[in-house]
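Undergrad: Sequence:
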Amino acid sequence: MIFLVINTNALNAENMIIAFVGYLIVFIALVLLYFVFNSLPKLINLQAKLRLRKSGLNEIAEKEDLSIQGPVVAAISMALHLHLNEFHDDEEHIMTIKRVARVYSPWSSKIYSMRQPLR
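Residue numbers (our numbering): 1275 to 1393.
There may be inaccurate statements among the hints.
Calculated pairs, BS3-like style, for lysine-lysine (alpha carbon to alpha carbon, straight line, at most 25 Å) [unchecked claim]:
(1) Lys1323 <-> Lys1337
(2) Lys1337 <-> Lys1316
(3) Lys1328 <-> Lys1316
Source of the hints: derived by calculation from the structure; they are not laboratory data.
These numbers come from a predicted model, not from an experiment.
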């Protein structure tokens, strides 16, 4: 049998205030981080639109979404990687980007990895 013992001698007003202020600081920091990370893509998009307007590309800057699709980003990053690491021998670098459908496999199912109950 397990007993839970609470030491009421350590519970005084000063300790409760310290605990409350600590929880309040952590909660406020989490809320601020949420707002920062939530507004960061909007700020980056606004900065990109301002740069496009400054360079004279107003029709592109008026688009709602300026983001780049995932496969395009993968191809650009692979090209940059190959360009910046050209100190090796000449090799053919062919990369195929395919979307793979994830089909159900009983080998990865958790129900088969659980132990059977004893009878």
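Undergrad: Output the numbers, in ascending order, of every earlier hint that fails for this structure.
TA: Result: no hint breaks.
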